[in-house]
Amino acid sequence: MSARVPVLQAGLRLMSRDLRLAMRRAGDWLQPLVFFLVVTTLFPLALNPELSRLRDVAPGALWVAGLLSSLLALELLFREDSLDGSLEQLAISGVPFAWLLWAKTVAHWLLTGLPLVLVAPLAATALGAPAAAIPGVLAALLLGSLALSQLGAIGAALTLGLRRSGVLQAVIVLPLAVPVLIFGARATALAIAGEPIAPPLYLLGALVVLGVTLAPLAAAAAVRISLE
Amino acid sequence: MAWTWFHRFGSPPYFYRVAGTLTPWFAWPAGVLCVAGLVAGLALAPPDYQQGDGFRIIYVHAPAAWLSLMVYTVMAVSAAVGLIWRMPVAHALSAACPVIGASFTFVALVTGSLWGRPMWGTFWEWDPRLTSELLLLFLYLGYMWIRSAIEDTARADRASAVLAIVGVVNVPIIHYSVLWWNSLHQAPSVMKLGRPTMPASMLVPLLMMLLGFTLYFAALLLVRARGELLRRERSTRWVAEVIGGAGP
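Those protein sequences? They're chains S and E, same order as listed.
Going by the working numbering, the letters in the first sequence line up with residues 1 to 228, in that order.
Going by the working numbering, the letters in the second sequence line up with residues 1 to 248, in that order.
One should not assume that every hint holds.
To be verified - If you anchor each label on the Cβ, the simulated ranges turn out as follows:
(1) E/Ser11 / S/Pro96: 33 to 39 Å
(2) E/Leu207 / S/Leu12: 56 to 62 Å
(3) E/Arg155 / S/Leu214: 21 to 27 Å
Read the hints as simulated data drawn from the structure, not as lab findings.
Positions of the beta carbon are idealized from the N, C-alpha and C atoms, including for glycine.
Please put together the full structure from these sequences, using the hints given.
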């Protein structure tokens, strides 16, 4: 990618490159999704399979599974590009690095966050959520997964190239993800109970705005430090 | 130049010397205040009309909880200073913080749950304050671990600085989300710290303990930062002079 490429276009090209690369290795991107489904299956097995009982734990199960699956997916965000050196090339390309990372993170969300949102109705129904609750569950997960991707990018950037980075990444990201978990699970619980879900959704939206605007700056600083 | 003092503090030998001189000035008042505060709080203050003597744990709990947040702020601010002005001394200060902060957080958690046993009837209640304190402990642990996971000191400094800054932005968000989450589950907490009716005989010892703990932290921070500087600069001449010579 030459430095002459306009800034906006550079980000879009990077995004489409990431998507195309991922399409050629679908297995990588499907794993977190399957993980999400497997974990949500474990809850009925470990608890009481009675649907009315499951309904109480459904929000927690969905969100804890979603959070863990998004952590698992983080490995795919920078790993390949840092191994083959293209991340370094991006950092010195002259295009604002935070913008490029923003594009990468959005591509990553399209590949891992969005599919998770799309299969969530399946998992929610299996956990006893009524059909009327599905739009609310979708909206909450849509916002929540976006915020988690942005937050996760910081964790992935900080632990880039470290040994046993997976556990460290989890310890770093999970406490920071608590607000997303609280508001997301609350919105889901309200949706399942048939109550208005706007208040927690607004707060989730605020977290998304905060993540989308500030997280790439922190992630860019962290990747630069890791590349030194 | 008004900024000369700032640059002078950026010099490790100078900081080492000044910190050594300052430490007793913090340590002695801290010791006196803590002893006096404990005597006044544990023996002289009247028992609470509702909680009896159980409330007295506040004289350790509240200062520890206050410092658990303050240490995090100091850590993040000095990390940011280190990151922005590339000051090794600021990074050393930041590196000296997490163990102290995690210890205060731990003390606050333990005393909180000890207090909860007779007052709430359980060691652990998902009270917003206790919960966000627990999350703060996890933040400290993450900071410590990323430091120990990166071998190169300069990189560890800068990576952990980014984490500390991200964390300090998140601490209020986490706190309020936990507060909000819990307010939907149960009635507001039993404990109201800002109760204006606290009589002076209870309040004065508390303030003494708060000030004493804060000074103790300052002294501890300086001692740990000096040790950290010696470790980091072990191959330089000034350290050799300090260690091998007639003292600082």
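- [ ] Could you check the hint for me, namely that E/Ser11 and S/Pro96 are 33 to 39 Å apart, CB to CB?
- [x] With Cβ atoms ~35 Å apart, the hint holds.
Task: Whether the CB-CB distance between E/Leu207 and S/Leu12 falls inside 56 to 62 Å - done: Given range 56 to 62 Å: holds, Cβ gap about 59 Å.
Task: Range hint 21 to 27 Å (beta carbons of E/Arg155 and S/Leu214) holds or violated - done: holds (22 Å)
Going down the numbered hints, you'll see the structure goes against none, and every one checks out.
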